[in-house]
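**Student:** Turn these sequences into a full structure, and let the hints guide you.
Read off the chains here:
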Amino acid sequence: MIGAGGIKQFQRRWQQTMYVEAMFYAVGFGGLVYLLTHNLFYGIIGVAIAAVIAVFVLKPWNISSENAVAYIDAHLPQAGYSSGLLLSPAHELSNLSKLQQYLIAEQLQPVLSKLRPPHNLLRATLAMFGLILLGLAGSFILDKVESPLNATPSNKEQITFAPKDSLSATLKIPELTGTSITVEYPNYTKKAPLNTTDPNIKAVQGSRIVWNLKFEGRVKEVEMDLMGERISFTEKKTGYRLSKTLEASGFYSFTFKDADGNDYVSNLYSLEMVTDEPPMVQIEGLDNYSYFEFDDDKRLMLNTNISDDFGIADAYIVATVSRGSGESVKFREETLSFDNAIPKGEKLLQLKKQLDLDALKMEPGDELYFYVEALDQKAPSPNIARSETYFAVIRDTITDAFAVEGNLGVDLMPDYFRSQRQLIIDTEKLIADRPNISEKDFKFRSNELGFDQKQLRLKYGQFMGDETEMQAAPGQVSSTEEGDTEEHSGEEGEEDLLDGYSHKHDNENEHNLVEEHDHENEGQVEEEDPLHDYLHNHSDPEESTLFEKSLKAKLRDALNIMWDAELYLRLYEPEKSLPHQYDALKIIQDIKNSARIYVHRIGFDPPPIKEENRLSGDIEDITNFDKQEAYAYQMSFASTREAISRLEVLIKNESSFSDTDSALFVDAGNELAQKAISEPLKYLKVLQGLRDLEKAVNRTEENYRMVQKNLLSVLPQVDDNPMKKAKYQDEINLLYLKELYIYE
Amino acid sequence: MSDGVVFLNQHLLWPVVLIGLLLFVVFVWKEWSQRKERRFWVKFVAAFSAIVSLVMIVLKPSTHQEATRGKAIILTEGYRPAQLDSLTAIYKRIPMEEYTKGRTLSILEDADSLFLLGHGLVPFDLWQIQDKSVAFLGGKKVGGWTAISSNRNEAILGESLEINAKYSNPKIGHLAVLTDNGGNPLDSVPFEELGEQVVTFRTTPKVSGEFVYHLLVKNEDGVLSDEPLPLKVVAGEPLKVLLINTFPTFETKYLKNFLTERGHEVLARTQLTKGKYKFEYFNGASNPIYGFTSENLKDYDLLIIDTDSYTGLGRASKAAMEEIVESNGLGVFIQPNESLFRLGDSNSPFKFNRDFLTEITFGELEQTLQKYPFTFQEEVRTQEVLVDSAAVAAYVPVQMGKVGTTLLQNTYQLVLDGNEPLYAHIWTQILNSMAKEQQNVAEWSSITKYPRPDQPFEFELYTALNDLTVKTDEGEAISLLQDDLMTHKWTGTQYPRKTGWNQLQVSHDSIAPFSYFVYGRDQLQSITKSETLKANYRAFGKTSSFAASVSATKKELVPISPLWFYIVLLLCMGWLWLEPKLVD
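For the protein sequence lines, the chains are H and R, in the order given.
The numbering used here puts the first residue of the first sequence at 87, with every later residue one more than the last.
The numbering used here puts the first residue of the second sequence at 1289, with every later residue one more than the last.
Careful: at least some of the hints might be erroneous.
Unchecked claim - Estimated spans, in silico, between C-beta atoms of each pair:
1) R:SER1574 - H:THR246: 52 to 58 angstroms
2) H:ALA334 - R:ASP1587: 45 to 51 angstroms
3) H:ASN756 - R:ASN1439: 31 to 37 angstroms
4) R:THR1599 - H:ALA334: 54 to 60 angstroms
5) H:SER318 - R:SER1574: 46 to 52 angstroms
6) R:THR1492 - H:ASN756: 22 to 28 angstroms
7) H:LYS330 - R:GLU1708: 36 to 42 angstroms
8) R:THR1492 - H:ALA334: 30 to 36 angstroms
9) R:LEU1769 - H:THR786: 58 to 64 angstroms
10) H:ARG294 - R:ASN1439: 29 to 35 angstroms
Said to hold, decoys possible - Anything over 10 angstroms on all C-beta distances counts as not near chain H; from chain R, calculated:
11) LYS1324
12) HIS1352
13) GLU1386
14) ALA1523
15) LYS1586
16) ARG1826
Hint data in this document are derived by calculation from the structure and do not stem from the laboratory.
Bear in mind that the values here come from a model prediction, so they are computed numbers and not experimental data.
Here a beta-carbon is modelled for each residue, glycine too, at the ideal position from N, C-alpha and C.
**Tutor:** Written out as structure tokens, the structure reads:
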């Protein structure tokens, strides 16, 4: 094994190169991690992980002596493709081989140590520097991005106190050494309590906030000033403590007194309450209205998405079935649960429910209204949200609407008569359809309409006593026959005929306004009284007494016009027929209106007034009525306005800050605080400025100016109010006005 | 010349003439013995001439003569060098002097025809050259603010204030901004490329007191100029209102609510039946009123009365009301109904035209309101009250007071519609225009518009009071000059020492102190320059040429040299002395 050592050495060198390469990658990655996180620990972990991965990827241990031999053979001509021999034990080799082995060992000796194993060290180095550069760039960008975002947290506000009045320098000011604020969110939010020192708090409604303040030096009466309300801290061993449940947004500050009774105030901090949003309910893939035929599969698939910011407590479907219509409508309400059980506290739920209308015992014509209601976990009263209302209707195919022919005050029309209006509509439709239908069809329909027109004419003809015409109506042959056999007037025959279709009330004497005229009896009387024929002859159309004279003439006109209408329909000229139909309709409407019966309404008839007693009542007992009232009116933001004026005086340095000023600024602050609740951020600066004026150090002209400016910027306009203005009336002016008046 | 002989010692005329006559008589008497001789008459004439000469020596007769002195140039701030060059080219070796504010011009000693170049002399120096012949040639154009005025002397809290300002040489892209005393912008106007632009700012003061608003000129880079705009904002006082109705209406009810809730003292009287009334006293009103007397009406600022009550007023009540309106300034607001528009001239101060419109629209939200289908007839005395540039009401001044009415009806509908601000706005405009104005005992006004420290500030005080002493902040008394025609007008001059607000106080308690704003030297320079320019134009007119017409004949009284009289006297006396010697 001469020269084997060289090969081994080469193999080792190769492996070492690979390890170094892996190390470069690892260091590069580690550097990237470190630069991004600025944390050495993460950097080291990054290095370790990257090293392991790189080593496993490169697998330096896989470099065997065979690899080394192959590489040497390929790269060193001196090896003569026989360097493998060097590794073989001498005793396994033939003599020639031994010779060759020896030769190669000799030749390789000087060159082998110079042969460099294949490597990607350059690439690895580049990768390392690349990663580090990337890290540098990344950290630079992150810095840039984060700095505005973290601006507030980075210089997190601390509670600072300043004495209210200027103090002698020798006095030892108690110092705040520790602040801890704990925000305990309500249980249902499942948020961990937050510990902070930043006194500007933003939390969910109902959160419990605990302030712990530690002081060095003796203090007393540590209080919180929450929008004018003063709440005392309780003294504990560890410091001062106050806990409060968050119910409204606002501002607060702390005050305390030192042993000498000097007041100290902190800055103003905001307390922002975030309300728990009600859940969002969405129903997917369902139209607001669904219609079902009776024989359909009456099932609705209800897919609901419910989401909430802190978790859903419950959700269900409220379904209402309405049955019937008009006054007889009935409602039935049911609460249905979803198919899947509702896990409490989930933030997002997908719920399904199949609504089977049959299971709800719905019948044709019934309507189902339903919506989904969801509750969240807010305590004590949960937020409730509901979806839109959806409708499902099973169509009722057998509904029949009872239509009354509107042309006359009496309802004598059986269903199968077309009214004049209907005829007009049909005629117009026929005209419109003409290009689309065959000639034969058109003529057929036109003829049909002509027949209907005739029917209608005959119907009205009855009122005129046109009995002969009735025979022409094929549908009523039997009735006319009946009329003939009974030797009654045509009209009476018609009455009988209609009995089958209309009930007893449906005649013009519905309300018994006229004495009931019993035709049956009349008929008998007729037989007994031979004179009857001469006195009341129904068979003569001209003597029909159903309508007064003018009406009769009108009806006759209508019938004549109907004749014409029918004529043109029969001639297949519906266009020409249409004007006649309209004329007929108009006359019939007139007749209808004149045939209405109006009921006189009976009202209150006052007793007649005695003229002589009028306006002579005794008013002695009536006295004057006195009422006294007072309203305290104050201009809106009066204190604020006054504060601005006062600040102007202070700016001009015409007088110095006094106790009344302090009270004025507190009043102004309270006025603005009312308004500030809705927009805390806009007002925080103003309120802070006002409060700062309580501290002696802040009473400078610049501060006055700043507070004044801020106050002016948030102050609303004065309400409109008429006011008395002062004016000097010059004698010349007065003279002028007087002259003006005289010579007017 | 003949018309121009004037005796300088006119007051001595008669005594001197008498003495002269006496002397003459004595002389004649002394020489009477020689009356038959010729020499008597010669002596007579000589003596007369001598005495006349003597008289003339004493009386100093003088004549108007053209004064002729030299020309000179006075250079003031803002003169154009080119103009000066052309002038010196025409008038070689013309003397000139540069003018400094407040200093006497020495050149005036020997020059009386002056070329005045530049913006001119400040008004308080004008006296120096008042009697000279001055050619005012003007100077460079003044750039910047050249005039600022406001629609009121004192702004009223909650009422709109309009400030008009003129800017010379504006540049496009620049912006004029009005800010309040804190520096919050209130209104702004962009400049256009014009020689001179008038900008109007509108704002409503929110706070009463003495403030200094600012007038800024800005471009994108920032503030170019910042000029102070002093503003005194005063708050009004609540009104005392008497409300008379024959029967209750919603209109009255809501108007009453509006007034009482805003703190006005209201006495509302509604008739219940014959002679019986419902009295409502709000915010401290007291004492029922049945018939009007000048005694019970004089405390009220505003009488709101419905048409039926107005027309149904008794003779005495009506007379009392009119008297109080005329002498005391009571405002009367007549609540209209249909019959008001049909009243004759004798009963109603208004005249109407029918316009058949029953609706009127206001505001950005297009709120419509019902109105009576009439408009006010335009008359000299009728003053319309505009709301959103629609005449909704009008009043007629009746000496000190006003009588007014409105065309609107059912305005309470606005309150029902929830548009209370518009309701308040309309009624505030209407009632403000009619309510009595409180009588001030005095009024101040400044004649010097832009006072500066250590420069005269002239002011006027109008008051009927006498024995006034005005004191400055420093406690020094200022004497006032009473106008001899208008005895109520007093003028005074003060030399303020500090910039900013200054006060003048009056010994009298009832007169409120007068606050005026003194501008710093570098504030509103342009406006002062333009004021100076205007004052000089007013004083000297405008001259555009350098012609010598400048030395307009300026006549002066020049006494006739007494030498002539002495010679005559000497000759005459010599003859009188010599003559006896010759005769002898």
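**Student:** I'd like to know which numbered hints this structure contradicts. Please list them from smallest to largest.
**Tutor:** 9, 10 and 14
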